[in-house]
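**Q** The chain contents come next:
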Amino acid sequence: MRSRGRALRAGVLALLLGGIILPIGFGLWETLRAAFGILPAIGAHHLSLEPWRALVALPGFATSLRLTLITGIGSTVLALVLATGFCAAVHGRIGASAGARLLTPYLAAPHAALAIGVAFLIAPSGWIARLVSPWLTGWDQPPQIASVHDGWGLALMLGLLVKEVPFLLLVILSALGQLPVRQEMAAGRVLGYGRGAVWLKLIMPQVYPLIRLPVFIVLAFALSVVDVAIILGPSNPPTLAVAITRWYSSPDTRLILPASAAALTQGALVIGAIALWAGGERVVAALGLRWLRRGARGRSAEPGLWTASALVAALMGLGLAALVGLALWSLAWRWPWPLGLPERWSLAGWLNPASGWGGALVLTLGLGLATTALALALAMAWLEGEDRARRGRARWAAVLIYLPLLVPQIGFLYGLNVAWLRVGLSGGIPAVIWAQELFVFPYVMIALSDPWRALDARLLHTAAALGASPLRQLLAVKLPILLRPILTAAAIGFGVSVALYLPTLFLGAGRVATLTTEAVTLSSGSDRRVVGIYAVLQAALPLAAYLAAIALPAMVQRNRCNLNGALGA
Amino acid sequence: MRLSTVLPLTLALATPALAQSTDWQATLDAARGQTVYWNAWGGDARSNDFITWVGQQTDARYGVKVEQVKLTDTAEAVTRVIAEKAAGQDTGGSVDLIWINGANFAAMKEQGLLHGPFVAGLPNAAYVDLSPAAAASVDFTVPVEGYESPWRLAKFVFTYDSARVEAPPATLAGFVDWAAAHPGRLTHPNPSNFMGATFLKQALIELTPDPTVLQAPATDASFAAATAPLWAWYDALRPNLWQAGATFPENQSVQQQMLNDGEIDIAMSFDPASTAAAIEQGLLPESARVFVPAGGSIGNVSFVAIPYNAANWQGAEVVANFLLDPATQAHMQDITVLGSFSVLDPARLDAEAQAAFAALPSAPALPALAELGPTLLEPHGSWMTRLSEEWARRYTR
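Keeping their order, the protein sequence lines are chains C and P. In terms of the working numbering, the first sequence opens at residue 1 and continues consecutively. In terms of the working numbering, the second sequence opens at residue 570 and continues consecutively.
Looking at chain P on its own, in the form it has when it is part of the complex:
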């Protein structure tokens, strides 16, 4: 009885695995000689260098070259795919791989602009927790369903200069008093940029009466009720922001430069390691440190996705798979390389891989995982869109 239920199950499990390995070999064969045009935000030199390194590795191992198309904004790549679809170019598209998440992913998935599902077919996906509730399975509450593959972890953190700031505010609510005591020393990126919007979301999660409503799509009523405390908080904060809240930096890199120039005291990032990395690069003072609000901060995963019309989708899958290799992830988490936290599930790694992670060097500005506090779930994507719109409606004159 028991055997008779187990046997078909094993067979059912074994067959796809067998099919997978032959399929993967076919993908590898087709990928050889391809050049993958990886569209990725190009504002960070270390990420760019890491992508270059990835290309060298995949070229040596699989004969797949990587050419980074440096974007100022990921939406550029989305616009490009839409333009190609508008022109009827359904094959041989110019974008092979996109560093993507959140609203851009939701938009592309909704409009059928993505290739896949392909993640389950990647051999190294075995190291990732892909259960339905896992971080790598949900992107801003939108189910990933195999249409994008994770590669690095993002967690919202603040950066401050410990030489100028003794005690950073412990909560978002505390920012109001802190800014009043230090007028003009705080700002956030424009909320039309994802980092600026994330700052508002972080505050929203802390201030809203019932954070669970944020996991459902926003309606007019739920949005008005949930965000009322946010706008009251922001109205109190804004007069004491940099330039009296009349103008905002374009993105977090510009904001980090302002911190380095001493124009402001607090910056923000989606990468807990970016501060230590920036210090090593000479882009922040040695005294820069990271802090996280007491209740924890928003976290999400950076993915790579393949457009539906990608010319070199096999090569793109090979690159996506290489990014999930434990050795690649350990190299990426090295503070002297990129310092981004791995997306792999430690429980699924063998002893050798776990040792590789344990042996990574540390730095004074690099927070330990425990210091980062709990990870708060990203609200449903509609909240971000509405927050940006509502902010623009209230404060863009």
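For reference, chain C alone in the conformation it holds in the complex:
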């Protein structure tokens, strides 16, 4: 049985190696060649450092680099601080499952949709300004302020925070499920520490190692995000990832060479930032230790925590208003400045699915279901293999699985496309499913592996003692007990699939038009009403998946009171 388990794991590993590492390696190789002057298609045959010289000479390169670092690291630090402060102040006052339900819309809504909504909220002519003009502000015309596309990237950081704080809150919540929080809180309070102090001094140091990987993923994402940065970020020059996308798609094809060099720079940037972060962790740990040993009871920390909570609440209010604003736009015919609500309403967009959203909806749904089913099957095969081989998690395997989330997409997607074409599998649905799998599978693994490994082994021992085969143990014990986490993982995977932009664009050769690719394309146009329809659908699909993940187990297991999330959360 152990050997069969090993075989299962080896099978999944081979699939991962062939399906993830090899193609990414190919992609990076093609990018690397182009970065050093070799791209025969545009007549570049000679190894040289010229692309790098050209890159450094491109106007605004240094500023792009600086902007990327500030917005990427800044938004991640802020998101972590805010999420921690919020949990410290609120944890125990809101139940974990209620909290998870509260976060669902934010996790489900794709980055691009939220960003478009936020842009409409905070723009000089945005919803907030409209609601207070001209009666309060005296603005007859939108004010001359740079509230989006500002040169410091503040709007971009805000847009990232709206999405990342809920994500970090969720991972902190699920990490808390693995710790004896109540007992430690009681012990801390008995010793005279304030709630917040117990949280920061006792609980957070235990939580952080559990959420380290998600934090890195957030960091890598914030450094290399393209769609949000186009919608909210500075434009002259933009962040590096946007600049690279622009250079790749410039009519001047010679720019592909420095763009490839920049894509490698982007990769180095992410690695460097993660290294920097790891260094920062040590400094914080050393300082924290001294703070801890001083033994202050820390009641003065409370106002800071409540400020963080208020900010988080404001962020979530902003996110909600952004989605509501888009939903209103999808129902508007004209909504001119400075009206707080549309002047004329219309269902025209919604009544015409043939204008494009009908097809995109069906395709997005199909892609999401296919990739999620595949990712779930792979993840369960991997975890079951682990169980049967009686082996714990392997760190190197985790690194392999999460690699696609850490390597910047732009660094390998162009090269990957070339590699795919060389094999003769040009853009189409299968290529897109595979490309999405690179990103869906890691998230499904993140969501599923902890609950799976936390499963009470005594149940399985009992089943084995009653003569159940490993397959029967899986089907009759594990899967029913793990129904809730499995469905949650499926919902997360589905949400990721719906939101993916660059992989769908590159490997679909632009022919695979999903809600997200259409929404980002349309956000470069002028019709917010159509963008509103796509964004609403884009947010509604994953939301429906999350709701199903909550409702189905509750229905199926309504007479199994001990399964109500206790094992899954």
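Hints in this document: simulated from the structure, not taken from any laboratory. Glycine included, each C-beta is placed from N, C-alpha and C at the ideal position. Check each hint, because a few of them may be wrong.
Chain P side only, calculated, beta carbon under 10 Å to chain C, not exhaustive [said to hold, decoys possible]:
(1) TYR606
(2) GLN626
(3) VAL638
(4) THR643
(5) ALA672
(6) GLU775
(7) TRP811
(8) SER822
(9) TRP960
(10) ARG963
Guided by the hints, dock chain P onto chain C, whose structure is given.
**A** Chain P in isolation, oriented as in the chain C frame:
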């Protein structure tokens, strides 16, 4: 004597025509059942709807389906063809037809990435003036030579809201004073976008001492001399632009949205009918109007081209030919459909087709052809590249 010279000439003319009709039948036969992936900028809903309509028509008539691949930037399609060439995929490529002109066309033609020449083989090319100096024969001074087929006319115009602006500036030079009087109410798309670059070109043509040098490729010396007044003008204009000229909209659609939101007072477009169309769509206020600088404005033609490795090039040729059908062009020029001006030569149309054009409806924001003033020639493509680069060098920090 006379007969003996005329006869061979007639024969020489007649033979290709005969060959053409049989060739075209072969193309039609091969095209039946194909699906043409038309890569076209997808930021405009009306253009998208028109392309959908084209697909329905060609499917019904010739059994050729059209699938629009919506691009945020035409260069995406160029990059895709280059990636395919890099991978050695010289047949069965994923791009069948591209809405293209200017720098993208020049780049693809120069690198041999285009199928053709095919335009002369299209039966409906007979309605187009293809003489060497005609608008449809030169694309940003690059000779078309049959590698792309025209389908709609583009002319640079400004859009303003007549409810907020009484008198728009009459010349580009006048923009400086106007912006000083209305700080923050004017902007232009980023010059890395073709519309932003066109704004600079329009100003260059007006301000440069000798516009004829713009028709030749730019050299370091000619560029420096020709653009000196442009940069002086721009330095005076920029402090009074929207956001003090520190940031710019990504493209003209975003700029039009800003006009609709009241953030700015003047937007620009390459389609004289787009303002009337946008009003009808609820995307601009009823009071929006079009104006053109006193000396006229830049005009060019939008083309469709077929990549060298297109999988469905026969179907793509059928679509290109259908786009030149007089009935199609009249439908396209209808303000309730697309409102783009036709590329056909009115003198070559029969009475019925001319009547179809004459019967098209009008709209208050739709300028008459006469109001658009003279059409200025696009400078050689190298000027646009250099303008974008030089602008970035000066103003991107």
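**Q** For every hint, state whether the structure bears it out.
**A** Evaluated hints:
no.: 1; hint: TYR606; verdict: holds (6 Å)
no.: 2; hint: GLN626; verdict: violated (16 Å)
no.: 3; hint: VAL638; verdict: holds (5 Å)
no.: 4; hint: THR643; verdict: holds (8 Å)
no.: 5; hint: ALA672; verdict: holds (4 Å)
no.: 6; hint: GLU775; verdict: violated (24 Å)
no.: 7; hint: TRP811; verdict: holds (8 Å)
no.: 8; hint: SER822; verdict: holds (4 Å)
no.: 9; hint: TRP960; verdict: holds (9 Å)
no.: 10; hint: ARG963; verdict: holds (8 Å)
In this structure, the hints that do not hold are numbers 2 and 6, in rising order.
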